[in-house]
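Chain A is already provided as a structure; the job is to place chain B on it using the hints.
In case you want the letters, here they are:
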Amino acid sequence: DQQVKQNSPSLSVQEGRISILNCDYTNSMFDYFLWYKKYPAEGPTFLISISSIKDKNEDGRFTVFLNKSAKHLSLHIVPSQPGDSAVYFCAASTGKLIFGQGTTLQVKP
Amino acid sequence: NAGVTQTPKFQVLKTGQSMTLQCAQDMNHEYMSWYRQDPGMGLRLIHYSVGAGITDQGEVPNGYNVSRSTTEDFPLRLLSAAPSQTSVYFCASTNRVLTGELFFGEGSRLTVL
Chain A
630 DQQVKQNSPS
640 LSVQEGRISI
650 LNCDYTNSMF
660 DYFLWYKKYP
670 AEGPTFLISI
680 SSIKDKNEDG
690 RFTVFLNKSA
700 KHLSLHIVPS
710 QPGDSAVYFC
720 AASTGKLIFG
730 QGTTLQVKP
Chain B
4 NAGVTQTPKF
14 QVLKTGQSMT
24 LQCAQDMNHE
34 YMSWYRQDPG
44 MGLRLIHYSV
54 GAGITDQGEV
64 PNGYNVSRST
74 TEDFPLRLLS
84 AAPSQTSVYF
94 CASTNRVLTG
104 ELFFGEGSRL
114 TVL
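Those protein sequence lines, which keep their order, are chains A and B. Throughout the first sequence, residue numbering follows my numbering, covering 630 to 738 in sequence. Throughout the second sequence, residue numbering follows my numbering, covering 4 to 116 in sequence.
Read the hints as simulated data drawn from the structure, not as lab findings. Remember, it's a predicted structure, so these values are computed and weren't measured experimentally. Built from N, CA and C at the ideal position, the CB exists for glycine as well. It is possible that some hints are incorrect.
So, partial list: chain A residues that the calculated Cβ filter (under 7 Å) puts toward chain B [as the list claims (entries may be wrong)]:
no.	residue
1	TYR668
2	GLY672
3	PRO673
4	PHE675
5	PHE694
6	VAL716
7	GLY729
8	GLN730
Okay, chain A solo, but in the shape it has when bound (with noise of 0.2 Å):
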């Protein structure tokens, strides 16, 4: 029973264009929403954050979007550059992390 999903493995997008990652969830009991990015053979680092009280964070080229009546968030990078290619997971806390299965993100120059 997979909480928190993430149904594309793979984007590739263009430098400079727009990145959008989709994350969709089935408990509504969740507080907090999360994206984490991981390089190969690194831990996962914390991305950015958004309440479920809220239905849009921003933090720079990042931008987080909530919609609690589908049940679905997406994360926003604009202008994508190279080094943001990745694997972004999704996740979801209810006092402890639950995780979607990664997209990997490749942006090409």
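Same frame as chain A, but now just chain B:
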């Protein structure tokens, strides 16, 4: 500041062998957890601890044991390794349990033959 340190980084075991993955953090975090990462499965929570002397099961606890005798250390024990436990293991800690902002170690790659 070392952060979260995991040892060993790589390990090969034979089926049935036991071993312990070590995790230590120097940030005085109360919450610590273990995840495994498998292709197509993302990061799955194995066990977690909200403080010394307290542990609980995550999504995939079978075949693993944990203990938390100190705030700094949270070892993960494989009692009788199986090929299905071949994975990359990550330890993480935080003092922000509700918001979920975890600090991860670099990972331990385990292969069970």
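Each hint, compared with the structure:
Below 7 Å, beta-carbon pairs count as interface contacts, and TYR668 (chain A) has none with chain B, the closest being about 11 Å; its hint is therefore violated. Proximity of GLY672 (chain A) to chain B holds as hinted, the smallest CB-CB distance being about 3 Å (cut-off 7 Å). Residue-level restraint check for PRO673 (chain A) holds (minimum Cβ-Cβ distance to chain B is 5 Å; threshold 7 Å). The interface hint given for PHE675 (chain A) is met, as the beta carbon of that residue sits about 5 Å from the closest beta carbon of chain B, less than 7 Å.
This hint is violated: PHE694 (chain A) has a C-beta 18 Å from the nearest C-beta of chain B, more than the 7 Å allowed. Taking 7 Å as the C-beta cut-off, the interface hint given for VAL716 (chain A) is violated, the closest approach to chain B being about 9 Å. With a cut of 7 Å, the hint placing GLY729 (chain A) at the interface with chain B holds, because the nearest CB-to-CB distance is about 5 Å. The closest approach between the C-beta of GLN730 (chain A) and any C-beta of chain B is roughly 4 Å, which is under the 7 Å cut-off, so the hint is satisfied.
Comparing the model with each earlier hint shows violations of hints 1, 5 and 6; every other hint is respected.
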